[in-house]
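Counting along the sequence shown from 1, when you hit position 56 you're at 56 in the UniProt record's numbering, and nothing is skipped either side.
Quick caveat, the hints were computed from the structure, so don't treat them as lab data.
Among these hints, one or two may not hold up.
List time: in silico DSSO-like cross-link candidates among lysine-lysine, alpha-carbon distance up to 30 Å [unchecked claim]:
1. 484 / 336
2. 155 / 72
3. 155 / 74
4. 74 / 336
5. 352 / 336
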Amino acid sequence: ACISIALSPALLVVALWFTGYMKATGFVAYLPMPVVGGYLAFIGIFCLEAGLALSTGEAIGVDPRTWLLAFKPKAMLLGAPGVIAGYALFYVSHHHKHPAVLPCVMLLFPVLFYIGLWISGYSLKDAQAAGWLTKPIPVGSFTEVFTFFDFGLMKWSVLPQQVLTWLGMYLVVAFSSCLDVAAIEMDMGTSMDVSHELGNVVGTANIVSGLLGGFTGSYIFSQTIFTCRAQIDNRLVGVVVAVLELAMCFLPFNLTDYVPNFFFGATLLFIGIDLMHEWLVEVYHRLLWREYAVLLLTFVAINATGLEEGLLMGLVIATIVFVYGYSRGQVQQSVKRVTRKSNVFRNFEQRKFLRDCTRQIVVLELRGSIFFGSSADILQEVETHVKVAYNHDPTEMSPLIAPGRTVSRNWSRISFCGAPTDSRAGGNWVQSFSSLSFCASMETVTKERLSLPLVRCSSPNNRICLSMNSDMDPYEVSAQHTTKFVLFDFSDVDGVDATAINTCFVRLRQSLESYGIPLIFASVPERVLASLEKGGLFDGDDTRQHLYDTLEEALEWCEDELLADGPVSPRNHSYRLHSPVTGMAGQQHLLECILAEYASGDPLIDESHVKTLASEFEFDQYLPGQTIYAFGSDADSMYILLQGEVQLFLPDPSTIHPLRRIPHHESQLVVQSRSGSVFGECDWGLQQPRTYLCKAGKSQEVSVARLRRSTFNNMSADLRAAMQQMIVNSLSLQILAKDGIH
C-alpha cells in the first residue's frame, strides 16, 4: 500500500506536467466571477467550521445539526477565546496594514494563555485534561516511515486495478488546483499562470511528497490566503515554512502539543470570517443583483450537494442568467485594434511627430456584450498589440505578458529588411512598419547602425510609399513602437458583467500600471459605467482621471502627453509664446516661424520666400466664442492660427434643410485647430462655399493670419507655387494621420 501511495503522486506529476504543457487549463478563464465567489464563500464557511471544531473539540461539520454542539457549556467556554481571537485578527488585518502587526498579535495569544495558566495555578496536565491543549501522542522517528517500503511484499498485479481510481484522483487534483488558482486570482486581484502553477508547483510538490512516502495533495488554500492577508509577498515565507516543518520532524516532542487549541481555531476562524465577509457582504455593492443571486445560489448549492455538483449547478445558473440578461441586447461581442487620431489640428512639426508615434497609442474597439467568456479574448488582443520596454534596453522589447510567463526576447512585428510579409492585392504596398518581419533574432543584432535599404514599392493606384533613411537607428524606430497608452472605446458596448471586470479590466490595469502605461476608457455608456464602478474599476480619483466622455477627448489627452515628452513640445518651440502676441511685428515674426516649419526640408520651396509670403497676410483678432466664418459663406480667405484655438462644427441639419422635420440638436464639433495649424484652406482652394461653421475657442482670444484670394492671385508665380506646396504638405500630413499610415 505504501508503495502504491508513493507511486500515485509520482505518476500524477507526469499527467499534471502534460496538462500544463498542453495549456489545457484555459477553462479557468471562463469561470464566472459569481460562481468562483460562491466557492470562496464556501471555503470561508468551511474554515469557520474547522476553526470552531478545533477550538471546541466538537465534530462540527457541514451538517447544520452539528452546529448545535458548539452551544454546549464546555464547548462555549473552550470556543469563546478562539472566536474572540479570530475576530481580533480580522479587525487588525483591516485596520492596520503594516506586515508586522498581524504576526505580533498572533504571538500575543499563546503568551496571554500561558500567563493566565500561571496566574490560575493550572498545570499543563490540567489544561490538557480540560481540553485547552492537545494530549501528547508518542513521537516516532523520522526515518521510521521508510521501513514500510518493502518491494518484496508488493503485489504488482493489483496496480492495474487502481488505474480508474488514479484517473479519478488526477481529475480531482487537476480541477481543484485550477479552481484554487482561479480563486486566489479572484480574491487577491492578481494574475497567475495556471499552466505553470499546475505543472511546476503542484506537480513538483506531489513528486517530492510521493518519493518521501507522503500523500497526493494540492494547494493549502487557507495558508495562501492567510499569507496574502498578512501583507507578505516574499518567497521567503515558503522557505521558512518548509524549514520549520522539516525541523519539527527531528524534534523529540510534538511542538503543537504546547500550543493552545484555540490558537489554531482562531487562525481558521479569521480566514473564514474574512472570506465570508468579503464574498457575502462586501461583494454585494460590486455586483448586479442577478450576479449576486448567482453567487448566493452557488454558495447554497455547494453546501447542500457537494463541491463538484454545486459548482456545476452554479455554472448552469450563471449561463441562464447571462442569456436572460442579454437576450434583448447584442450578445455577439468582438474586440479589435483600430488606428485613430484626435480631431485636433496641430502645427506642422507636431503632426509629423505624432505621425511617427501613433502606434504608441493602442486603441481597442469593443463591441457587444462583454461577459465571463470574453476576458481571454480581450487579454490576448492586448498581448498581441502592446509592446513594453524592459530596463530601457532595446534588446528587451517584447509583447506585454502576464506575470509569471516567460518573456519573449524576439522583436515582434518590427522589421527593417524591406520585405513585406503582408502584401496587398496589386502590389507590395507597405502600410506600416508593423506589417514587416524582422530579419534576424534579437541575439544576433548589435547596436551598431545598420545599412538599411530603402523601402520601395510600385502601386498601380499611385499610393504614397514611405521610405526609411539609410542611417536611421533601428532602436530609435523600435522606441516609437513602444506602447505608452492603452485606450478602450466602449461606445458600442451593450453590457459587461462582474467576471469580465475583475478578471480582465482590473487585472489589466494593474499589469499595465506596473509598466507605467495608463489604461484609458472612453465613450462608456451610463449603464456600463455603473457596472464598472460597482466592480471597483474606478476606486479613486487617480483611476477616474483616465475616464473620458468621448474617444476624441481621450485621444487628444494621449497626443498632448506624447507631445509634452517629445522634441516638439510646445515649450520647445520658439514661436509658442505663453503671453498674447501683440503688435504687427510680433505677429509677423510668429507667422514667419510657422511658415518656415511648413517649408522646412521641401526642395520645392525656397526659404527666402517665407518672409515675403508672411508679408502678404493680414492679421485678425477674435473674442472667445466669436464666429470666424459661417456655414455656406463665401470662402474668400484661408487662415493660419497664430495663438488660441478654433473649432469647426457641422451645422445643425435643420438650418441646412429647414423644410425637413428634424429634431433640433446642437452643431457637432468636428475639428479643433491649435496654434500653428492651417484651416479653411480646402473650401478656399476648391472655391466653394464654407462647409463648416468656424468659431474661436471659448478659453481665450484668438489671433489668426488671413490670406485673401485676391492677394494670392496678385502674387508672383513662384510665391503662389510655394504657398500651394505648403498647403499640400499640411494636407498630406492630415491624410497620413487620418488613414493611419506610418
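Hints, verified against the model:
1. As the CA atoms of residue 484 and residue 336 are separated by approximately 18 Å, the hinted pair is consistent with the 30 Å bound.
2. In summary, the hint linking residue 155 to residue 72 is not supported, as the alpha carbons are separated by about 49 Å, beyond the 30 Å threshold.
3. Under the criterion of a C-alpha separation no larger than 30 Å, the hint pairing residue 155 with residue 74 is inconsistent with the structure, at around 49 Å.
4. At roughly 64 Å between alpha-carbon atoms, residue 74 and residue 336 are farther apart than 30 Å, so this suggested pair is violated.
5. Restraint check for residue 352 and residue 336: the C-alpha separation of about 26 Å stays at or below 30 Å, so the hint holds.
In terms of the numbered hints stated before, the structure departs from hints 2, 3, 4, listed from lowest to highest.
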